[in-house]
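Here the protein sequences come in this chain order: A and B.
First residue of the first sequence? That's 1 in this note's numbering, and the numbers climb one at a time after it.
First residue of the second sequence? That's 1 in this note's numbering, and the numbers climb one at a time after it.
Treat the hints loosely; a few may be bogus.
[Claimed, not checked] Not the full set, but computed from the structure, chain B residues with beta-carbon under 7 Å of chain A:
(1) L17
(2) F395
(3) P457
(4) G460
[Claimed, not checked] Sample of chain A residues facing chain B (criterion: CB under 8 Å; computed from the structure):
(5) E16
(6) D20
(7) G101
(8) F194
(9) A241
(10) P432
(11) E445
(12) K446
(13) W447
The hints are simulated quantities; they were obtained by calculation from the structure and are not laboratory data.
Since we're looking at a predicted model, the values are computed, not measured.
Just so you know, even glycine gets a beta-carbon here, dropped at the ideal spot from N, CA and C.
2 protein chains.
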Amino acid sequence: MSDAFTVFDILRRANELFPDSEIRFGEHRQSFHRTYERVLQLSSALSEIGIGRGTVFGVADWNTPRFVELFYAAAETGAVIYPVNIRLPPEQIAHTIRSAGVEWLFLSSDFLPLAKSLPSPEKVVALDPDPDFPRTYDALLAGSRGPAPEVSVRGSDPYSILFTSGTTGLPKAVRYTHEKVLHGALSIAYQLGFWDTPAKLGSGDVIFPFIPFYHLWAWGSVFHAPYLGARYVLGGRFDPARAVRTIAEEKVTWVNAIPTMIQMLLAVSSGTELEGLKALVGGMTIPSRLARAMTDAGIHFSTIYGGTDMLATSISILPTGIEMRDPADYLRSTTHAVPFAEVKIVRPDGAVAATGEMGELCLRAPWLPGEYYQDPEKTASAYVDGWFHTGDYAFVTAEGGIRVVDRVKDVIKSGGEWIPSSLVESIISEVPGVESAAVLGAPDEKWGERPVAAVQPRRGATVAEGEIRARLDRAVHEGKIQRWWVPEKVTFVDELPLTSTAKVNKAALRRRLFEKPSPDPGR
Amino acid sequence: MSDAFTVFDILRRANELFPDSEIRFGEHRQSFHRTYERVLQLSSALSEIGIGRGTVFGVADWNTPRFVELFYAAAETGAVIYPVNIRLPPEQIAHTIRSAGVEWLFLSSDFLPLAKSLPSPEKVVALDPDPDFPRTYDALLAGSRGPAPEVSVRGSDPYSILFTSGTTGLPKAVRYTHEKVLHGALSIAYQLGFWDTPAKLGSGDVIFPFIPFYHLWAWGSVFHAPYLGARYVLGGRFDPARAVRTIAEEKVTWVNAIPTMIQMLLAVSSGTELEGLKALVGGMTIPSRLARAMTDAGIHFSTIYGGTDMLATSISILPTGIEMRDPADYLRSTTHAVPFAEVKIVRPDGAVAATGEMGELCLRAPWLPGEYYQDPEKTASAYVDGWFHTGDYAFVTAEGGIRVVDRVKDVIKSGGEWIPSSLVESIISEVPGVESAAVLGAPDEKWGERPVAAVQPRRGATVAEGEIRARLDRAVHEGKIQRWWVPEKVTFVDELPLTSTAKVNKAALRRRLFEKPSPDPGR
Chain A
1 MSDAFTVFDI LRRANELFPD SEIRFGEHRQ SFHRTYERVL QLSSALSEIG
51 IGRGTVFGVA DWNTPRFVEL FYAAAETGAV IYPVNIRLPP EQIAHTIRSA
101 GVEWLFLSSD FLPLAKSLPS PEKVVALDPD PDFPRTYDAL LAGSRGPAPE
151 VSVRGSDPYS ILFTSGTTGL PKAVRYTHEK VLHGALSIAY QLGFWDTPAK
201 LGSGDVIFPF IPFYHLWAWG SVFHAPYLGA RYVLGGRFDP ARAVRTIAEE
251 KVTWVNAIPT MIQMLLAVSS GTELEGLKAL VGGMTIPSRL ARAMTDAGIH
301 FSTIYGGTDM LATSISILPT GIEMRDPADY LRSTTHAVPF AEVKIVRPDG
351 AVAATGEMGE LCLRAPWLPG EYYQDPEKTA SAYVDGWFHT GDYAFVTAEG
401 GIRVVDRVKD VIKSGGEWIP SSLVESIISE VPGVESAAVL GAPDEKWGER
451 PVAAVQPRRG ATVAEGEIRA RLDRAVHEGK IQRWWVPEKV TFVDELPLTS
501 TAKVNKAALR RRLFEKPSPD PGR
Chain B
1 MSDAFTVFDI LRRANELFPD SEIRFGEHRQ SFHRTYERVL QLSSALSEIG
51 IGRGTVFGVA DWNTPRFVEL FYAAAETGAV IYPVNIRLPP EQIAHTIRSA
101 GVEWLFLSSD FLPLAKSLPS PEKVVALDPD PDFPRTYDAL LAGSRGPAPE
151 VSVRGSDPYS ILFTSGTTGL PKAVRYTHEK VLHGALSIAY QLGFWDTPAK
201 LGSGDVIFPF IPFYHLWAWG SVFHAPYLGA RYVLGGRFDP ARAVRTIAEE
251 KVTWVNAIPT MIQMLLAVSS GTELEGLKAL VGGMTIPSRL ARAMTDAGIH
301 FSTIYGGTDM LATSISILPT GIEMRDPADY LRSTTHAVPF AEVKIVRPDG
351 AVAATGEMGE LCLRAPWLPG EYYQDPEKTA SAYVDGWFHT GDYAFVTAEG
401 GIRVVDRVKD VIKSGGEWIP SSLVESIISE VPGVESAAVL GAPDEKWGER
451 PVAAVQPRRG ATVAEGEIRA RLDRAVHEGK IQRWWVPEKV TFVDELPLTS
501 TAKVNKAALR RRLFEKPSPD PGR
């Protein structure tokens, strides 16, 4: 009976209780009632072409209403949806399509070339009309011949496959059941709905996800909006100038975004359009300069910590009874476990860390997939004694906050002690003219590793090493970092290499900075 | 991994994030941090006397902090808690203790006689010191010798046994797992937290349950308060005068209650103490007069519909876009499905009813127990094709509201048509001087059944049958009831028989009114 905890129920209830709430996409308006009806029609059409319980289909599209329909039609028919991570390099996308066992692909015009990754290339539905692809989404829907056969979908049935975008190696798959998707996605809504947090979320909000659907179903917002009966504004491909206009025109109150997107938004915003906007920000560390810039622009932000293989783990709430000397800095760096996420910090020696002590963040939660899909090796290294090892280096503060300081593999081991690179990067980023900075461990005979910094100045700006050293010295005096954490060397680069999710690709940077150039085989 | 959805996590998180929030009981204050520590100590003590995974223990007590501790210690140790329904007649309580397989009993002084229901009478822990019972709660706690052995409790483990208080026959047991308790209890918090509803609930509220713990864990409030980090005020045995004082002294913002309790509260309240109070009211139909009285007193109430064997199904929210001519009447009579409760109305002929059409309310939800404990016969009659048949007669309104009009067995069948007795009762209750009214189907040769009314005037008041008839006539003219629903006969009684949950005991009333008195065997 807990088997009645299934995704489609969200749209069914929205149709009953909030039928007039709308999805908006440009000029297009589509009520939840209309969406519900179209999804039933689509479910019927899917079953007519053989998509049903257990069939895996992929969708490559930007954030559109038809993508929402496909999410709920998958839920209704018992199919498994893979929202294709379209930011991966093409050969990695092809790998994900093969390894997820995708049978059908729904492709918007930008992504039609992916069709050739399919074992049966005719199993493509073009989301936009295209002469080369006779089967289109609109025709499929229009040709539906009646109600779909009733499928008894259970909470324990698989619902969605996602891929992590690891900075090394091929993307790894995780598969979530209906109940795990609901537990994970709704925990975000609960944390934002019940406790005092800047990105407070309720049924009266107008939700506009910047996060694309392939990132954890737009961080769960595809479920939050109909769950709450809230208006859901979709923007297609993220475009900062258009996003600012949409926020004003649609009276958007709530967005989710990675820091880079907010940075882009601030860069194109001319005035007060963003004042009062609530933003859930995460996916990478929020630089302290950006945190202040958001505050200055009147954006109320909360930080979310999580990932494709663990869903939402923690979101900042405003603790009562503690003094926040620098609220923006507190909020950017501190998150709090969402309901039913149990966190423990494990020291390098395997013992559980005390409050304030650093170690690897480990997690238990009802939504954890429990494995990497068809990857027992990776599963065995990540799940130990029922705890998921996140690979993140963190500590817990006195008032129960979680501070993630680094990826464990990015932590610099120097003289038997650990240096969290992100703290040093954050200080360097505060120097005027610095666009971004990466701190890595360079091999060192005496200490094992010593920190070095790679700094990308803003376009047109010049930054002197002396300014960076002065700022680091000050941070040492202020007690923010240790003296021996200060990088030995500062290298200026035109552009730091990025991963598909706009994080600094440290593996590539490490190769560039530390590996001896191999002799050119062409010579 | 969904197995990590367990009850104890609520207190664990409260200890981390809301350690200073308090349980208050008279002069006693106990923070969630202290409660967490005491529960760990108690868990250890329980395991030392052999209470562990799967052990069933019963607790007979009013609403007290130690009862809260026992709820969470059961969760932590994997034991199963039966909060004894102390309003049942003694021989029925003894039956529940036997049929739940209770091994240990925790008894406050009022309930020590229950000890003799146990197979091993020494397995009693006296919650208050008593010379006849050497094992006391305080001594048990104080004697705990260290941390409890770690028990890996799973979401699918049984957590709590409850008994329905049926108006006929023996109480029936239902057993809930951790995940079902959480799904069911938290759905109440979600409905009250996210949507616009008069009994809105949030982390800033001060929660004071009038509902005793044996009623669905005080309608879930034992979980809501630490989940939200909200202050939790307990009042022991319900006493209306003391409750009014406590509301004022503790600045209570939120209560739950059956209508009778609110009626008692209003009777002893002298002024404005209840103004602004939020109340979740249910367990029986709210008379329209009481709904108006609550509104007049400034109480914001929402109605909850549910039961021991189905948990919370629906709670009134304020729909947007519809005109409520009489808000108090709308709220008392109309509820809306909580998230993941799927409702369908089944007509007497077995077809699904259309909007507005009456039939039996059937339910699917993640928290349904799926069976009556060790009662395959009752299970088979209640669960048909995966749907729970509630035995309630209801219809769905145009805006998605659920109106429960009667118990199916109380519906009067007259001339092949159904008369919902509660609608008629509600009209009679509006007549000045009427305390309460019951409408029953009297056997009738021509029509099968015809309605008759039993009316209890308020103490000291006299009511003329003519006034009642005039009010019923007016209701017919207003289109509220049909002409042929008007009772054939009105009988005045000093006191209507009540069930243990303060509902009119229609079975007993039926016997009193319609059965020929049997010859007294003593004569």
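Going down the list of hints, with the structure as the test:
1. Here the hint on L17 of chain B is kept, as its CB sits about 5 Å from the closest CB of chain A, short of 7 Å.
2. For F395 of chain B, the suggested interface contact is broken, since its CB lies about 14 Å from the closest CB of chain A, more than 7 Å.
3. Checking P457 of chain B against chain A: minimum C-beta separation of about 41 Å lies over 7 Å; hint violated.
4. The interface hint given for G460 of chain B is broken, as the beta carbon of that residue sits about 45 Å from the closest beta carbon of chain A, more than 7 Å.
5. Hint status for E16 of chain A relative to chain B: holds, with the closest Cβ pair at about 4 Å, below 8 Å.
6. Evaluation of the D20 of chain A hint against chain B yields a held restraint, the C-beta minimum of about 6 Å falling below 8 Å.
7. Given hint, G101 of chain A at the interface with chain B, is violated; its Cβ is 22 Å from that chain's nearest Cβ, farther than 8 Å.
8. For F194 of chain A, the suggested interface contact is upheld, since its CB lies about 6 Å from the closest CB of chain B, less than 8 Å.
9. Among the interface hints, the one on A241 of chain A is violated; its C-beta lies about 33 Å from the nearest C-beta in chain B, farther than the 8 Å criterion.
10. Using the Cβ-Cβ criterion of 8 Å, the hint placing P432 of chain A at the interface with chain B is not satisfied: the shortest such distance is roughly 37 Å.
11. Annotation: interface hint on E445 of chain A violated; nearest CB of chain B at approximately 43 Å, more than 8 Å.
12. At its closest, the beta carbon of K446 of chain A sits 41 Å from a beta carbon of chain B; the interface hint therefore is violated under the 8 Å criterion.
13. At about 36 Å, the closest approach between the beta carbon of W447 of chain A and any beta carbon in chain B exceeds 8 Å, and the interface hint on this residue is violated.
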